[in-house]
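**Student:** Sequence:
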Amino acid sequence: MSKPHIVPFMAACAVDANSQLQAGITTYRLLTGVLPADADIAIDSNLDRHVLASVLAAATMDGGSLSEKVGLSGLELAALLEQYFPSTGIKPAEQLSPLQVSPFKWEEHEEIAMLRDLLLKQRSTEGDVGRWLAAMIARRAIEPDHLWEALGLRNRAELSLLLSRHFAPLAARNVDNMRWKRFFYRMLCENEGLVMCTTPVCNQCNEFDICFGEESGESRIAEGRHDLLSQAAARPAVAGDPSSELPEETTIASSSAKASPYL
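At position 102 of the sequence shown (counting the first as 1) the number is 102 in the working numbering, and the numbers step up by one without a gap.
Source of the hints: derived by calculation from the structure; they are not laboratory data.
Bear in mind the structure is a predicted one, so any value in this text is a computation, not a measurement.
Backbone N, C-alpha and C define an ideal beta-carbon position, used for all residues, glycine too.
Among the hints, erroneous ones may be present.
[What the hints assert, rightly or not] Here are the computed distance ranges between Cβ atoms for each label pair:
{"id": "1", "residue 1": "R173", "residue 2": "S87", "range": "37 to 45 Å"}
{"id": "2", "residue 1": "E190", "residue 2": "G33", "range": "13 to 21 Å"}
{"id": "3", "residue 1": "V34", "residue 2": "A157", "range": "13 to 21 Å"}
{"id": "4", "residue 1": "I43", "residue 2": "L75", "range": "22 to 30 Å"}
{"id": "5", "residue 1": "Q83", "residue 2": "C189", "range": "13 to 21 Å"}
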């Protein structure tokens with residue numbers, strides 16, 4: 001019988017972009033057996049697996065408590081791994097390291113808890129995965145990048161596909177293709193009887209580009225790899241120098257410290 005894999009969920013924040021990139025690549029490939037660029041999401045179960053692996057890999061790149069970074073308890077995290085990634089060998093009854101299971105403190109983040117609850121009320125699928133994704137999306141929404149980037153996805157279209165599958169009533173309301181973070185907060189404001197917008201007509205608002213601007217770009221992994229390739233091209237390779245060795249895979253995200261206050 002094969003031994004369970006040791007999942008490289010970081011216990012401390014990676015100190016440089018190369019380490020972050022390697023952590024993301026290793027995590028995603030260990031969970032799925034393929035590179036992010038090669039993921040086939042043509043069927044729903046594959047999409048779910050890809051999304052969950054992407055979020056875990058992106059959170060791993062951030063370092064610290066994995067539970068805190070993805071908004072799940074230690075038991076929820078272990079159950080997710082057992083159900084979707086059994087090759088890791090982690091069981092719900094087994095204890096992960098204390099640093100991995102330090103939970104996200106929902107009571108300290110009222111707005112994020114409200115977003116989680118909004119998503120839960122708009123679920124369109126049964127089972128644990130929708131509940132887990134509601135918490136994971138809400139937690140990752142406080143990261144500075146576009147939401148699809150914070151989730152480790154390859155593009156915005158994957159996020160839209162995910163939301164249409166698991167939170168269809170809510171996704172269907174975004175008829176004008178507003179940026180997802182802005183749309184979520186608009187829904188929260190409307191539910192509370194508040195008005196977020198400065199004008200009743202979107203195309204007359206001075207924040208139109210913030211709400212509806214393009215959300216394109218490379219995934220965090222692909223961007224990180226290109227940064228490393230550029231750095232390597234600028235210096236001669238030195239035998240035995242690990243800094244001149246680049247990962248052969250493509251991953252999920254560049255440094256999470258990148259300040260990009262996309263809403």
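**Student:** If you check each hint against the structure, which ones fail?
**Tutor:** Violated: hints 2 and 5.
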